[in-house]
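With the hints as constraints, model all of the structure from the sequences given.
Number of protein chains: 2
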Amino acid sequence: MTVIALDVGGTSMKGAVMSGDTIVHAERRPTGRDRGPEAVVGAILDFAADLKSATKPVAAGLALPGVVDDATGTAVRSANIGWENVPIRDLATERLGIPVVIAHDVRTGGVGEAARGAGRGVGDFLFLPIGTGIAAALMINGMPYPGTTSWSGEIGHIVVRPGGEPCACGACGCLETYASAAAISRRYHVPTRSPIGIWEPPLPPETPAPAEEVIARAEKGDPIAARVWTEALDTLADALATATMLLDPSLIVIGGGLAEAGERLFTPLQLRLANRLPLRLAPPLAPAQLGPEAAMHGAAVLAYQAAD
Amino acid sequence: MTVIALDVGGTSMKGAVMSGDTIVHAERRPTGRDRGPEAVVGAILDFAADLKSATKPVAAGLALPGVVDDATGTAVRSANIGWENVPIRDLATERLGIPVVIAHDVRTGGVGEAARGAGRGVGDFLFLPIGTGIAAALMINGMPYPGTTSWSGEIGHIVVRPGGEPCACGACGCLETYASAAAISRRYHVPTRSPIGIWEPPLPPETPAPAEEVIARAEKGDPIAARVWTEALDTLADALATATMLLDPSLIVIGGGLAEAGERLFTPLQLRLANRLPLRLAPPLAPAQLGPEAAMHGAAVLAYQAAD
Numbered sequence: 001m002t003v004i005a006l007d008v009g010g011t012s013m014k015g016a017v018m019s020g021d022t023i024v025h026a027e028r029r030p031t032g033r034d035r036g037p038e039a040v041v042g043a044i045l046d047f048a049a050d051l052k053s054a055t056k057p058v059a060a061g062l063a064l065p066g067v068v069d070d071a072t073g074t075a076v077r078s079a080n081i082g083w084e085n086v087p088i089r090d091l092a093t094e095r096l097g098i099p100v101v102i103a104h105d106v107r108t109g110g111v112g113e114a115a116r117g118a119g120r121g122v123g124d125f126l127f128l129p130i131g132t133g134i135a136a137a138l139m140i141n142g143m144p145y146p147g148t149t150s151w152s153g154e155i156g157h158i159v160v161r162p163g164g165e166p167c168a169c170g171a172c173g174c175l176e177t178y179a180s181a182a183a184i185s186r187r188y189h190v191p192t193r194s195p196i197g198i199w200e201p202p203l204p205p206e207t208p209a210p211a212e213e214v215i216a217r218a219e220k221g222d223p224i225a226a227r228v229w230t231e232a233l234d235t236l237a238d239a240l241a242t243a244t245m246l247l248d249p250s251l252i253v254i255g256g257g258l259a260e261a262g263e264r265l266f267t268p269l270q271l272r273l274a275n276r277l278p279l280r281l282a283p284p285l286a287p288a289q290l291g292p293e294a295a296m297h298g299a300a301v302l303a304y305q306a307a308d
Numbered sequence: 309m310t311v312i313a314l315d316v317g318g319t320s321m322k323g324a325v326m327s328g329d330t331i332v333h334a335e336r337r338p339t340g341r342d343r344g345p346e347a348v349v350g351a352i353l354d355f356a357a358d359l360k361s362a363t364k365p366v367a368a369g370l371a372l373p374g375v376v377d378d379a380t381g382t383a384v385r386s387a388n389i390g391w392e393n394v395p396i397r398d399l400a401t402e403r404l405g406i407p408v409v410i411a412h413d414v415r416t417g418g419v420g421e422a423a424r425g426a427g428r429g430v431g432d433f434l435f436l437p438i439g440t441g442i443a444a445a446l447m448i449n450g451m452p453y454p455g456t457t458s459w460s461g462e463i464g465h466i467v468v469r470p471g472g473e474p475c476a477c478g479a480c481g482c483l484e485t486y487a488s489a490a491a492i493s494r495r496y497h498v499p500t501r502s503p504i505g506i507w508e509p510p511l512p513p514e515t516p517a518p519a520e521e522v523i524a525r526a527e528k529g530d531p532i533a534a535r536v537w538t539e540a541l542d543t544l545a546d547a548l549a550t551a552t553m554l555l556d557p558s559l560i561v562i563g564g565g566l567a568e569a570g571e572r573l574f575t576p577l578q579l580r581l582a583n584r585l586p587l588r589l590a591p592p593l594a595p596a597q598l599g600p601e602a603a604m605h606g607a608a609v610l611a612y613q614a615a616d
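First to last, the protein sequences are chains A and B. Here the first sequence stands for residues 1 to 308, numbered as in our numbering. Here the second sequence stands for residues 309 to 616, numbered as in our numbering.
Worth flagging that the hints you see were computed from the coordinates, not collected in a lab. Just so we're clear, the structure is a prediction, and the values are computed from it rather than from any experiment. In this text, a Cβ means the ideal position worked out from N, Cα and C, and glycines have one as well. Treat the hints with care, since some could be wrong.
[To be verified] Where chain A lies over chain B, by a calculated footprint (3+ residues, C-beta under 8 Å):
1) 455-462
2) 474-486
3) 521-527
So, in structure tokens, the structure goes:
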């Protein structure tokens with residue numbers, strides 16, 4: 001009994017035919033957002049239909065970016081793709097002739113980690129992928145809590161530095177402006193344009209160094225890299241302390257590109273989080289186990305549920 | 309069919325026999341925490357037993373302060389009362405011979421507002437009483453979400469001013485140090501001890517003015533009162549924006565003593581909240597409807613559920 005699992009990103013789509021948690025067939029295609037939102041919808045439907053022809057799947061799960069209303073099956077909005085209120089579940093159901101479920105990509109990743117990854121058997125936890133952006137899935141009893149308007153988990157846009165750096169969202173001091181992989185790279189690159197103090201830092205690379213290189217430079221003693229990385233850790237700990245006081249999760253699963261830093265992220269972050277929670281024990285932090293395939297696995301899990 | 313509803317506070321206990329949402333008999337007794345935690349447990353059991361003798365209740369609901377494990381029926385910890393791991397549900401069940409349910413006081417207040425107050429028919433909302441302290445109940449589908457260790461909703465101890473005023477909890481810059489009714493009173497009283505600037509403020513009263521008087525003075529142009537009240541509104545809006553981005557509630561119900569300020573609180577706070585949420589609509593704010601009886605009503609609702 002196979003299902004189709006599709007994870008639509010801003011740049012590319014990952015598709016798979018899965019049998020249980022085994023990938024029978026995997027394929028990647030460009031999202032093609034430059035051709036407009038209608039073309040993207042067409043590309044998604046074509047991709048799913050092609051995957052369907054390879055086998056006889058019983059259902060399909062689609063993980064989508066932006067604001068997604070799981071209940072009505074609508075892609076409500078995505079700044080990246082540019083669509084608005086696309087009834088994509090109905091469109092895909094009509095095209096494929098099998099049950100289709102759609103869900104928000106981060107929350108679908110949470111479903112994947114809950115069923116097949118670091119959140120197995122945990123029930124209530126926070127899934128936090130950190131990459132270009134930062135968002136969270138609030139997992140309750142193994143399933144994501146979407147909030148009342150599908151807007152829960154926007155931890156990347158909680159303010160951790162009031163009056164701080166302006167964020168693309170229009171607010172100032174959002175977590176995402178300090179601690180996303182993109183922010184770490186950008187913040188290392190920018191300050192060296194206007195040197196501070198009397199110490200001459202090593203010249204930065206012409207193109208912004210990726211976050212992993214900033215972390216490596218911080219560990220080698222580059223003071224600007226150290227400052228950027230320290231502030232990323234501090235603001236992440238601030239935001240996780242806030243989420244812990246509000247939600248009381250039993251575990252925080254961190255994924256996305258930044259989790260690749262491994263112990264260089266987890267050890268100092270766990271210590272900082274404990275320091276920020278004088279009233280209570282800090283929940284343990286754990287690395288995500290499914291990497292970039294979390295949402296694809298989650299889409300498969302949801303598809304199997306839809307087939308029942 | 310009546311139930312017993314008991315709301316245990318740090319100073320006094322409110323008890324009632326209720327028939328539906330009608331109070332058949334109401335009584336108030338001192339908690340007597342100065343006589344130690346064992347005496348408090350005894351006083352609670354005596355109070356419940358006396359209420360029981362007046363009628364034939366089918367169940368009892370107890371709202372308790374501190375950390376409460378609803379599932380095991382344990383009063384885990386209360387700094388105010390000084391108890392630790394008291395199996396109070398079992399003790400009360402044995403004493404009363406009817407089903408007993410215990411729950412955290414703020415969350416029980418949320419149950420009251422959900423069933424009989426401002427949260428009727430709303431499903432998912434945030435209940436936020438602001439008094440001596442600030443805590444929240446995360447209402448999902450009409451019932452409070454306690455978190456994984458009964459520690460959810462501690463919005464009073466999320467940091468809104470990093471490196472700000474020290475809080476009794478051990479952290480700095482917690483919401484509670486700026487925006488609780490107690491903090492507003494204290495912060496108005498304290499700065500006048502060391503005058504700032506050249507403007508001579510009107511002498512403050514010898515005893516700290518209550519929050520409502522600070523608000524009234526702010527409206528009359530007292531600059532120190534205005535500064536204290538403005539910072540309370542600002543930090544409240546900051547915290548509510550954070551909670552909104554994480555939880556996406558459809559409504560925020562504000563209760564406790566500070567809600568008595570009415571439009572002087574709700575109008576500027578709603579505006580500030582909207583300003584802090586550039587990405588999304590702000591959830592509406594609404595005053596609690598049950599006032600100080602919210603937890604008693606909630607205890608009755610839980611008691612009726614336990615009787616079923």
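**Item:** Outcome, coverage of the region 521-527 of chain B by chain A - at least 3 residues whose beta-carbon is closer than 8 Å to one in that chain
**Value:** violated (count 0)
**Prompt:** Against chain A, does the region 474-486 of chain B show at least 3 residues with beta-carbon separation below 8 Å?
**Reply:** holds (count 3)
**Message:** For the region 455-462 of chain B, count the residues whose Cβ lies under 8 Å from any Cβ of chain A; is that count three or more?
**Reply:** With 8 residues close enough to chain A, the hint holds.
This entry does not satisfy hint 3, going by the numbered hints stated previously; all others are met.
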